[in-house]
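Novice: In terms of the working numbering, the sequence shown is residues 7 to 141.
If you're looking for bench data, these hints aren't it; they were derived computationally from the structure. Predicted, not measured: the structure shown is a model, and the values here were computed from it. All C-beta atoms, glycine included, are put in the ideal place defined by N, C-alpha and C. No false leads were slipped in.
Label pairs and their in silico Cβ distance ranges:
| no. | residue 1 | residue 2 | range |
| --- | --- | --- | --- |
| 1 | Q51 | T13 | 53 to 59 Å |
| 2 | S50 | Q24 | 36 to 42 Å |
| 3 | S58 | Q82 | 17 to 23 Å |
| 4 | G102 | V71 | 19 to 25 Å |
| 5 | C36 | G96 | 30 to 36 Å |
| 6 | G77 | L30 | 57 to 63 Å |
| 7 | H35 | S95 | 32 to 38 Å |
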Amino acid sequence: MHSLWLTVLHQMVMLLLQSVFCLLLVLVHCLWPTVRRWLNQHVSQQERQLLSTIGHEAYIFAESVYAGHGGDEKLQQALTYALAVLGKSGQSFTVGEIRAAIENAVRMAKRVEVAGHRSQATIMRDSPVPIVPEA
Numbered sequence: 007m008h009s010l011w012l013t014v015l016h017q018m019v020m021l022l023l024q025s026v027f028c029l030l031l032v033l034v035h036c037l038w039p040t041v042r043r044w045l046n047q048h049v050s051q052q053e054r055q056l057l058s059t060i061g062h063e064a065y066i067f068a069e070s071v072y073a074g075h076g077g078d079e080k081l082q083q084a085l086t087y088a089l090a091v092l093g094k095s096g097q098s099f100t101v102g103e104i105r106a107a108i109e110n111a112v113r114m115a116k117r118v119e120v121a122g123h124r125s126q127a128t129i130m131r132d133s134p135v136p137i138v139p140e141a
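The whole structure should be built from the sequences, with the hints applied where relevant.
Specialist: Here it is in structure tokens:
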């Protein structure tokens, strides 16, 4: 009689463990798309940040080293620089994505430059004209 109860108890524990395992499988199956989407967004955000940073560095490199050259040559040199840096990091982006990041860095720099000129013009306009004493 005692071994019968042990057998029944063993069977009930095994059935409970199998039920818990099946429930976990169903839960993972239902949540996997959400987890996958979150992972893709998180990785994509890090990749976009890296691409933006490399694009900005490439722009600064081309502006400083090739200051006397034309825009197309600067862009080509910036692309070469960005491809070399990204190749070392192990990340792969298309040339179009890299070019877009560099052009975005150029636009941001021009926007800052224009804002700087505006603020300097405002300072010049609003500053009082000094009165020079006659000698």
